[in-house]
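> So the chains spell out like this:
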Amino acid sequence: DVKVTQSSRYLVKRTGEKVFLECVQDMDHENMFWYRQDPGLGLRLIYFSYDVKMKEKGDIPEGYSVSREKKERFSLILESASTNQTSMYLCASSLWRVSGNTIYFGEGSWLTVV
Amino acid sequence: DQQVKQNSPSLSVQEGRISILNCDYTNSMFDYFLWYKKYPAEGPTFLISISSIKDKNEDGRFTVFLNKSAKHLSLHIVPSQPGDSAVYFCAASDEKLTFGTGTRLTIIP
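Note that the protein sequences, when read in sequence, are chains H and X. 1 is the number of the first residue of the first sequence in my numbering; add one for each residue after it. 1 is the number of the first residue of the second sequence in my numbering; add one for each residue after it.
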């Protein structure tokens, strides 16, 4: 079974803090993704990566950055957290860069910015 | 601009009956479509997919139908069970997945 692990399930951070969300996958997948889920808006893609040290902007990259120093690890960084970044963050991975390839999600990280 | 739309935010169905969840898309370049199921406080799990060259794919109680001319797909669950109560997301693929806004399905015992 594919395992995508998000290290922090629940976080509360103050406005302006730097926040790191860590994600590790154990299936040697090439591709990794960060989404956020908000009520009525579905899942929106923040950033994705097709290889180590590669990153590409998704649909809502503003206010975020990412790091992929190792194949199995993909980190999402909020340089200066704001209240509108309160959300559920989902990391995902997939094997190939082709259409129809199933992606596998972690359990999510609930971030509250106060 | 929402390329994948699920126009029904919620749906309630009696246990044992058929649940039909709908999804519309605008981008004709999408060539795979997937359905994910999500329970509260968990990540989405893959349910079923269909290639754009097909019009139907079946897996047990779950069937996905694709109407390319209408840019519409639907997920049928027969018979519906209480454990099917969850939020269902459709997603469309052109290398990366674009998700709809989700439909909360409630199965009434």
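What the hints contain is simulated information worked out from the structure, not anything from laboratory work. One should not assume that every hint holds.
[Claimed, not checked] Listed next, the in silico BS3-like pairs over lysine-lysine satisfying Cα-Cα at most 25 Å (straight line):
1. X:K71 to X:K56
2. H:K71 to X:K56
3. H:K70 to H:K55
4. H:K18 to H:K55
5. H:K71 to H:K3
6. H:K3 to X:K5
7. H:K55 to X:K71
8. H:K53 to H:K71
9. X:K96 to H:K53
10. X:K54 to H:K57
11. X:K56 to H:K57
12. H:K70 to X:K96
13. X:K68 to X:K56
14. X:K68 to X:K96
15. X:K68 to X:K5
16. H:K70 to H:K53
17. H:K18 to H:K57
18. H:K55 to H:K71
19. X:K5 to X:K56
20. X:K96 to X:K54
As the structure is a prediction and not an experimental result, all values here were calculated from the model.
> Next, verify each hint and record whether it holds.
Now the hints, each set against the structure:
Between K71 of chain X and K56 of chain X the alpha-carbon distance is near 14 Å, which keeps this suggested pair within the 25 Å criterion. Among the hinted pairs, K71 of chain H with K56 of chain X is inconsistent with the structure: their alpha-carbon atoms are about 36 Å apart, more than 25 Å. Distance restraint check for K70 of chain H and K55 of chain H: the Cα-Cα separation of roughly 12 Å lies within the 25 Å cut-off, and the hinted pair is therefore satisfied. This hinted pair checks out: K18 of chain H and K55 of chain H have alpha carbons roughly 20 Å apart, not beyond 25 Å.
Proximity of K71 of chain H to K3 of chain H is assessed by CA-CA distance (about 14 Å); at most 25 Å being required, the pair is judged to hold. For a cut-off of 25 Å, the pair hint linking K3 of chain H to K5 of chain X is broken: about 29 Å separates their Cα positions. For the given pair, K55 of chain H sits about 31 Å from K71 of chain X by alpha-carbon distance, which is inconsistent with the 25 Å threshold. Distance check on the hinted pair: K53 of chain H and K71 of chain H sit about 9 Å apart at the alpha-carbon level, within 25 Å; holds.
Pair hint K96 of chain X plus K53 of chain H holds up; C-alpha atoms about 18 Å apart against a cutoff of 25 Å. Taken as a hint, the K54 of chain X and K57 of chain H pair is broken in the structure, with Cα atoms around 31 Å apart against an allowance of 25 Å. Proposed proximity of K56 of chain X and K57 of chain H is contradicted: the alpha carbons are some 33 Å apart, above 25 Å. For the given pair, K70 of chain H sits about 21 Å from K96 of chain X by alpha-carbon distance, which is consistent with the 25 Å threshold.
Between K68 of chain X and K56 of chain X the CA atoms are separated by roughly 11 Å; this keeps the pair inside 25 Å, and the hint holds. Note on K68 of chain X and K96 of chain X: the hinted pairing holds, with a Cα-Cα distance of about 19 Å set against a maximum of 25 Å. Taking the CA atoms of K68 of chain X and K5 of chain X, the gap is about 15 Å. The hint holds against a cut of 25 Å. Restraint check for K70 of chain H and K53 of chain H: the C-alpha separation of about 8 Å stays at or below 25 Å, so the hint holds.
Between the alpha carbons of K18 of chain H and K57 of chain H the distance comes to roughly 20 Å, so the proposed pair stays at or under 25 Å and holds. Annotation: proposed proximity of K55 of chain H to K71 of chain H holds, straight-line Cα distance about 12 Å (limit 25 Å). Between K5 of chain X and K56 of chain X the CA atoms are separated by roughly 20 Å; this keeps the pair inside 25 Å, and the hint holds. Of the supplied pair hints, the one linking K96 of chain X and K54 of chain X holds, its CA atoms being roughly 20 Å apart against a limit of 25 Å.
Of the numbered hints given earlier, the model fails hints 2, 6, 7, 10 and 11; all others are met.
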